[in-house]
Amino acid sequence: MGRKLLFDKAHIEGIRYYDVYRANGGYGSAEKALKSMTPDQVLDEVKKSGLRGRGGAGFPTGMKWSFIAKPEGVPRYLVCNADESEPGTFKDRYLMEFIPHLLIEGLLISSYTLGCNSCYIYIRGEYAWIPDILEQAIAEAKKNGWLGKNIQGTGFDLEIYVQRGAGAYICGEETALIESLEGKRGNPRIKPPFPAVKGLWDCPTVVNNVETLAAVVPILRIGGDEYSKYGLGKSTGTKLISACGNINKPGVYEIEMNISVEEFIYSDEYCGGIANGKRLKACIPGGSSVPILPANLLLKTAKGEQRMMTYESLADGGFATGTMLGSGGFIVLDEDQCIVKNTLTFARFYHHESCGQCSPCREGTGWMKRVLQNIENGKGKMSDIDLLWDIQRKIEGNTICPLGDAAAWPVAAAIRHFRDEFEWHVLHPDEATKRNYGLAHYADPLEIAAPAAV
Amino acid sequence: MFSEEKLNKVKEIIARYPAGKQKSALIPVLHLAQEEFGGWLSAETMDYVASLLQIKPIEVYEVATFYSMFNLKPVGKYVFEVCQTGPCMLLGSDNIIDYIKKKLDIGVGETTKDGLFTLKTVECLGACGYAPMMQLGKHYREHLTPEKVDAIIEECRVKAN
Ligand SMILES: Cc1cc2nc3c(=O)[nH]c(=O)nc-3n(C[C@H](O)[C@H](O)[C@H](O)COP(=O)(O)O)c2cc1C
Ligand code: SF4
Ligand code: FES
Numbered sequence: 000m001g002r003k004l005l006f007d008k009a010h011i012e013g014i015r016y017y018d019v020y021r022a023n024g025g026y027g028s029a030e031k032a033l034k035s036m037t038p039d040q041v042l043d044e045v046k047k048s049g050l051r052g053r054g055g056a057g058f059p060t061g062m063k064w065s066f067i068a069k070p071e072g073v074p075r076y077l078v079c080n081a082d083e084s085e086p087g088t089f090k091d092r093y094l095m096e097f098i099p100h101l102l103i104e105g106l107l108i109s110s111y112t113l114g115c116n117s118c119y120i121y122i123r124g125e126y127a128w129i130p131d132i133l134e135q136a137i138a139e140a141k142k143n144g145w146l147g148k149n150i151q152g153t154g155f156d157l158e159i160y161v162q163r164g165a166g167a168y169i170c171g172e173e174t175a176l177i178e179s180l181e182g183k184r185g186n187p188r189i190k191p192p193f194p195a196v197k198g199l200w201d202c203p204t205v206v207n208n209v210e211t212l213a214a215v216v217p218i219l220r221i222g223g224d225e226y227s228k229y230g231l232g233k234s235t236g237t238k239l240i241s242a243c244g245n246i247n248k249p250g251v252y253e254i255e256m257n258i259s260v261e262e263f264i265y266s267d268e269y270c271g272g273i274a275n276g277k278r279l280k281a282c283i284p285g286g287s288s289v290p291i292l293p294a295n296l297l298l299k300t301a302k303g304e305q306r307m308m309t310y311e312s313l314a315d316g317g318f319a320t321g322t323m324l325g326s327g328g329f330i331v332l333d334e335d336q337c338i339v340k341n342t343l344t345f346a347r348f349y350h351h352e353s354c355g356q357c358s359p360c361r362e363g364t365g366w367m368k369r370v371l372q373n374i375e376n377g378k379g380k381m382s383d384i385d386l387l388w389d390i391q392r393k394i395e396g397n398t399i400c401p402l403g404d405a406a407a408w409p410v411a412a413a414i415r416h417f418r419d420e421f422e423w424h425v426l427h428p429d430e431a432t433k434r435n436y437g438l439a440h441y442a443d444p445l446e447i448a449a450p451a452a453v
Numbered sequence: 000m001f002s003e004e005k006l007n008k009v010k011e012i013i014a015r016y017p018a019g020k021q022k023s024a025l026i027p028v029l030h031l032a033q034e035e036f037g038g039w040l041s042a043e044t045m046d047y048v049a050s051l052l053q054i055k056p057i058e059v060y061e062v063a064t065f066y067s068m069f070n071l072k073p074v075g076k077y078v079f080e081v082c083q084t085g086p087c088m089l090l091g092s093d094n095i096i097d098y099i100k101k102k103l104d105i106g107v108g109e110t111t112k113d114g115l116f117t118l119k120t121v122e123c124l125g126a127c128g129y130a131p132m133m134q135l136g137k138h139y140r141e142h143l144t145p146e147k148v149d150a151i152i153e154e155c156r157v158k159a160n
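Those protein sequences? They're chains S and L, same order as listed. With numbering that gives the first Met the number 0 applied, the first sequence covers 0 to 453. With numbering that gives the first Met the number 0 applied, the second sequence covers 0 to 160.
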């Protein structure tokens, strides 16, 4: 069994409630931080831990926290990003539903470190039942002196509020989230200024993912040095992976970042292999935005090394032959799945979610969707494949926020690795509407498949 | 108009933000209004929310039109919001959508003649591991099969009577 830091107590009955959480060591880290450490000492532990943002970008959390501006007399805010809308990702939901106090404790320690007295949890609107769970946990924590005024007699004050979104993926982007929290449309802001200087109501603000903030609890419990010994290299600690698609055991798993992709997919401790005895065709390991990889490149890097569940190993080879750990939304496709169809659903998603501020994103995502629809419906032309490539290239890097890139990458990767399947759709329109292309050579040993960088 | 109880809830929401930042309450209050006033936001409802928060009606329209959870026209009593994004598609969401269409004899975005059911397709709701799925009111219905859809429809019909 892999070592766990977040879900080590998740199996305990009633862990959702304060009494059980507390009886099992809960709020011990908060007690340690607030009563025996200065904010700077806590920050040092977080830096030493090597913790990186779990929302997708993997930015070092300690460094992010050290950027927060501290002008005299201006409040600072901590915002917890619980928007969780990247297709394939459902890990924060699990954490909030089953161990809400872990998040509340993490928010308390983090707010103390940053010097924030108000903290907002921004949760996607569709998770409509979770605010009740969080608000109950907040009320319990308050009743027991962990929130409110003069927490545990330390003189530190903190209120935590839960704010529901209303169905907009873009509000997961931190500046769009801030706009939404201010009661506006979720249009991302141009950076700089960064939220650390000018965020919520123009005050210094830190936005972190649910899992990132919860991870602060075990870091304080075991110490930053010890935390950094979990995992491999710069991928320290554990990571929640939400696994879905054609596998035997979909669900949320906490992994230590030192196991191989192969172990994650095939071992009974995790996904339990491909469902219905089928073979693995492809995988999108970090949420819909990251490049899809065919089975061979997924399990081994282009250099022939075992691919590991770490930020570095998944990214090995860049976009030519690698992908990204992203948000940990691990989507598995079996041999019967159609890459064109899958890519089309993502293109439709990004088109639907584009906020419309930048023309390359607004127009490009719609155009890609329509071209993909044509190919999928047997009305595609050979030139459409190059057209798609061209459109995605013109979106990437030319937009205000990274949603444009996120829309471009899945299309680029699908064409890069599965061009033959797109061509087959175009050349055999009738057949392509009746059956799928199948596995082709994607699961063959590596030597024939490593494509040149494009 | 909100009841006394709901007005207190609105006050409680506004109190979460610093003085003068009551506009931040807009999305939570729109959720409340949609629940209270028949599952959608009419122009009158939006104007009422604007007056409660002391902001301009246009500020409310801008927001209500941006977020997909706000309905700007009437919907059925039960709205089936079926996810159709990649992970759900891989596990057969297309079949579920087709099944509901046939069973209720409506297209996507339409409401049954008796006003009971509306079918919507939505994008990933964060339940990909429990696919195919749909949202029904406050909760998710996961691992959908035609049999489960039948049971859900029956359940709604019973509740509506
Ligand atoms: C389009 C888009 C959607 C995003 N959605 C989320 C999200 O749902 N949850 C999240 O934590 N971060 C999301 N992010 C990343 C946030 O902007 C931000 O980097 C993150 O919340 C920082 O937290 P972390 O450092 O703890 O990961 C998204 C970014 C983009 C560009
Ligand atoms: S890239 Fe797309 S989502 Fe991001 S700001 Fe531009 S239009 Fe909006
Ligand atoms: S794809 Fe349907 S819930 Fe995520």
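Treat the hints as calculated values from the structure; they're not laboratory data. Wrong hints could be hidden among the right ones.
Taking lysine to any residue pairs in the SDA-like style, the calculated list, with each CA pair at most 25 Å apart, reads [claimed, not checked]:
| hint | chain 1 | residue 1 | chain 2 | residue 2 |
| --- | --- | --- | --- | --- |
| 1 | L | K8 | S | D131 |
| 2 | L | K119 | S | I129 |
| 3 | L | K20 | S | A138 |
| 4 | L | K147 | S | K378 |
| 5 | S | K378 | L | D97 |
Residues from chain S that face chain L, not an exhaustive set, calculated with beta carbons under 10 Å [as the list claims (entries may be wrong)]:
| hint | residue |
| --- | --- |
| 6 | S65 |
| 7 | F66 |
| 8 | K69 |
| 9 | Y119 |
| 10 | A167 |
| 11 | Y168 |
| 12 | L332 |
Part of the chain L face toward chain S, derived, beta carbon under 8 Å [as the list claims (entries may be wrong)]:
| hint | residue |
| --- | --- |
| 13 | A18 |
| 14 | L25 |
| 15 | P27 |
| 16 | V62 |
| 17 | S67 |
| 18 | M68 |
| 19 | T84 |
| 20 | G85 |
| 21 | L89 |
| 22 | G91 |
| 23 | E122 |
| 24 | G125 |
| 25 | Q134 |
Positions of the beta carbon are idealized from the N, C-alpha and C atoms, including for glycine.
Going down the list of hints, with the structure as the test:
{"no.": "1", "hint": "L/K8 - S/D131", "in the structure": "holds (14 Å)"}
{"no.": "2", "hint": "L/K119 - S/I129", "in the structure": "holds (22 Å)"}
{"no.": "3", "hint": "L/K20 - S/A138", "in the structure": "holds (24 Å)"}
{"no.": "4", "hint": "L/K147 - S/K378", "in the structure": "violated (35 Å)"}
{"no.": "5", "hint": "S/K378 - L/D97", "in the structure": "holds (22 Å)"}
{"no.": "6", "hint": "S65", "in the structure": "violated (25 Å)"}
{"no.": "7", "hint": "F66", "in the structure": "violated (23 Å)"}
{"no.": "8", "hint": "K69", "in the structure": "violated (18 Å)"}
{"no.": "9", "hint": "Y119", "in the structure": "holds (8 Å)"}
{"no.": "10", "hint": "A167", "in the structure": "holds (5 Å)"}
{"no.": "11", "hint": "Y168", "in the structure": "holds (7 Å)"}
{"no.": "12", "hint": "L332", "in the structure": "holds (6 Å)"}
{"no.": "13", "hint": "A18", "in the structure": "violated (11 Å)"}
{"no.": "14", "hint": "L25", "in the structure": "holds (4 Å)"}
{"no.": "15", "hint": "P27", "in the structure": "holds (6 Å)"}
{"no.": "16", "hint": "V62", "in the structure": "holds (6 Å)"}
{"no.": "17", "hint": "S67", "in the structure": "holds (4 Å)"}
{"no.": "18", "hint": "M68", "in the structure": "holds (4 Å)"}
{"no.": "19", "hint": "T84", "in the structure": "holds (5 Å)"}
{"no.": "20", "hint": "G85", "in the structure": "holds (5 Å)"}
{"no.": "21", "hint": "L89", "in the structure": "holds (5 Å)"}
{"no.": "22", "hint": "G91", "in the structure": "violated (11 Å)"}
{"no.": "23", "hint": "E122", "in the structure": "holds (5 Å)"}
{"no.": "24", "hint": "G125", "in the structure": "holds (4 Å)"}
{"no.": "25", "hint": "Q134", "in the structure": "holds (6 Å)"}
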